[in-house]
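Trainee: Based on the hints, put chains B, C and D in the right spot on chain A.
4 protein chains.
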Amino acid sequence: MILAATSVAARSTGSADAELIDDLVAANRILADQGVLDGFGHVSARHDKDPNLFLLARSMASALVTATDIMTFDFDGNPIDPRGRTAYLERFIHSEIYKAHPGVRAVVHSHSPAVIPFGVVGVALRPIFHLGGFLGAGVPVFEIRDAGGETTDMLVRNPELGAALARTLGRAPVGLMRGHGDVVVGRSVREAVFRAVYTEVNARLQSEALRLGQGQVVFLNEEEARRAAETNSAQVGRPWELWRAKALAGDR
Amino acid sequence: MILAATSVAARSTGSADAELIDDLVAANRILADQGVLDGFGHVSARHDKDPNLFLLARSMASALVTATDIMTFDFDGNPIDPRGRTAYLERFIHSEIYKAHPGVRAVVHSHSPAVIPFGVVGVALRPIFHLGGFLGAGVPVFEIRDAGGETTDMLVRNPELGAALARTLGRAPVGLMRGHGDVVVGRSVREAVFRAVYTEVNARLQSEALRLGQGQVVFLNEEEARRAAETNSAQVGRPWELWRAKALAGDR
Amino acid sequence: MILAATSVAARSTGSADAELIDDLVAANRILADQGVLDGFGHVSARHDKDPNLFLLARSMASALVTATDIMTFDFDGNPIDPRGRTAYLERFIHSEIYKAHPGVRAVVHSHSPAVIPFGVVGVALRPIFHLGGFLGAGVPVFEIRDAGGETTDMLVRNPELGAALARTLGRAPVGLMRGHGDVVVGRSVREAVFRAVYTEVNARLQSEALRLGQGQVVFLNEEEARRAAETNSAQVGRPWELWRAKALAGDR
Amino acid sequence: MILAATSVAARSTGSADAELIDDLVAANRILADQGVLDGFGHVSARHDKDPNLFLLARSMASALVTATDIMTFDFDGNPIDPRGRTAYLERFIHSEIYKAHPGVRAVVHSHSPAVIPFGVVGVALRPIFHLGGFLGAGVPVFEIRDAGGETTDMLVRNPELGAALARTLGRAPVGLMRGHGDVVVGRSVREAVFRAVYTEVNARLQSEALRLGQGQVVFLNEEEARRAAETNSAQVGRPWELWRAKALAGDR
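Chains as they are written, first to last, in our numbering: chain A, 1 to 252; chain B, 1001 to 1252; chain C, 2001 to 2252; chain D, 3001 to 3252.
Just chain A, with the same shape it has in the complex:
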């Protein structure tokens, strides 16, 4: 398996588009700067030359990631170009989602603080405002006990757990992980980042609205959510420019 992967590597490593790498580095920094990622969590991109590979930083805090930290992985979670670099324990979140969902081109796994409470109580995360419209597709919750039993360490640390998570996610853009965090996917790095940030914002607003309204809240209806999501997907470049400028300001 590793040999096969290595031969793939000979074909693809180092050939990922420079702009894709740049976006992925920026995504790492942005998600930290926006409070979605802390010392843990990660973001990946499907390889632009080979859809059976993906790009993910070595095991480190996303706020510190630079281009030289980006590694290439195959769908077994094996690094193509380790060069002594350590891989995240939970890289199988990424590999299995890319394997199961061909349309996904970027994956964020985070411990997004306002989102975590929604994963441990029986209250569904729903679109409270237009920027959370993408949540209208439904937000499934992954209970690791269903796939891994009662005695895991909560980590999606092997292909089986990754595949179970990918199945729970289905075609939704966001899936919660009970007692852990969430996964957010997109058709581009920028879209995944947009969704990850606004999943956090939506969760914060929804939690507050539920308290203020004592549970009586008007959410976007299905069609409003769908159309808002469509409109917003064409606008992800606007906050991206701002977030990128802020997150990379220290690099200048």
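Treat the hints with caution; some may be incorrect.
As the list claims (entries may be wrong) - Which bits of chain B does chain C cover? Going by a derived footprint, with three or more residues having C-beta under 8 Å, they are:
(1) 1127-1140
(2) 1200-1207
(3) 1222-1230
Unchecked claim - Short, incomplete list of chain A residues facing chain B, as computed with Cβ under 7 Å:
(4) Met-60
(5) Leu-64
(6) Val-123
(7) Arg-187
(8) Leu-205
(9) Glu-208
(10) Ala-209
(11) Leu-212
(12) Gly-213
(13) Val-218
(14) Glu-223
(15) Glu-224
(16) Ala-228
(17) Thr-231
(18) Arg-238
(19) Pro-239
Just so you know, these hints were derived from the structure itself, not from any lab.
Ideal placement from N, C-alpha and C gives every residue a C-beta, glycine not left out.
Mentor: Then chains B, C and D, alone, in the frame of chain A:
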């Protein structure tokens, strides 16, 4: 229509007062720095030479706006001086409010985070302290379904929706937009900014007070609110100097 | 009256201790940096040479105050050394507290955000932890309607309202102002700053604890509060050094 | 006693490992930067050469600590190398925990804001997500009235109170102090810092989840908590690098 607008432009473009432009740029930066605007939302000013025109940045995050990004629009939402610049989809919020309300000289549209919950539950935003006195005039809520039906993308993206919003706003300084955000108007850019910031602060304090007091809260009465608002309108220069210094510090 | 004040000025202006002025400037900056003051609110010190005078910045945001902004006032609220500088409308908060309470050497008036809710609901602010021990003396609430009727602009804008506030405060270190903010006094500028910061912190913690415990909370008892306050008053220099370094960092 | 200590000092002072001192200085800065410590609170390390001594900064705000501020103490709380430096009043928290628990190599005492409410209400702090797994061992609450009576100043200011606190803590990594704060211990400085930061994060998330779920929350079970804690203890270096870089950025 565009030809007509262009002939107006020949008369007015470029002639807006330099101090007004400067205030509008500062307003963009301040509202971002104070957490009222994020990558989305915008602030405009009525043109000082021609009351049938208004000034608004091109489609971009307000935190990054400079003087060269300020465009001039007519009341149909057509840019007088596009020069290749893209306009905000929701410029009709501004055009229709200026058209309907001659006394308004500045408009803020935001996704002010503490305010959004008040737009989706049946709890009125009310003045909890003197700096929110301007809310005493009442805070109407715009339900886009009433004007646009059940299947909009939530955006005020045409003159008809803008006109409906302007009608709902009436003579109030602040109007909420269900599942979206709010609009705040003022008799000057500085007053609109003052109100936008303190609408957010008041919402945060009110939400907290309602919880702490389990719904039993003493609000400003009508006369207290009116008089406090009058006093404060004469004091908007004080926080403005501070906010401006902070927001533009990076430019030095 | 103004003439008399001026003759006092001839005796005292400019002669306030340099360290006191320095502490007062630092207090202005610290209270802004710690989120107790925003564009509004102020902090004063009793004059060290003449106990019938006090020092207070001209009307401006505290975050921008420097030594040249510090003015001297008499107990009628008249500036001794205006030199064209404008006085805060609410300087009577300070003048009347100094007049009524000889042991007070510093006064903070703020719109401290976590504190305001306690002023508008029937829940008393109480010491939730040792650093809020000074609250154990009781925290009275000033209802301006009692002194000024139902139609004020909420501001303590004359000696009569100031005197009423000073009476309500009594010997307590902290008094709330309904629909407005609070006043905090100390035996030194540093003690008043310490108390103002920890009044805000205590309010935040108490509000959270009341929710978490659904109203069932163990507060410090009277003796714990009194002793903790005594101990902490001897420790105010420790956070002061930190806060001062942070708040004045930009001046270097 | 002091003489004996001094003779120990002759043997050990100055000989603590440079990397340990460096970690302890970084821990002081990190805990301030992460909002666990403010002007008060402290962090210590057991001496690497002599297990009956420990290292702790002089009485000052942790955010300002440098290597020259680190003092060495014996288990009676006597400084070995005072050189005119003042010791924290509550150094007995550290001395008695090191004395009672040989496996502990670092101790944090803080007024961690999200944690304090859990110490004053009848709601147990429990692991809401994998990074709080170490809380699964149970979080005891120290009631100072049990050891010191009804009239203390709330401080653990002598060996007797320190010993009582150490007994309450037992083998748990975290213990709350009613009306005061908490203590967190670790097998290394980095582990104690990791636990202190995630105790705060877990408290914030748990409080929010309890409200959102109206008390119905799925916590990690005992085995999930134990295994997650084990996994995470091997990962403390990852956030440490990030936190250290951020906290010491100003030193460059």
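Trainee: To test your reading of the hints: which numbers does this structure violate?
Mentor: 4, 5, 6 and 7
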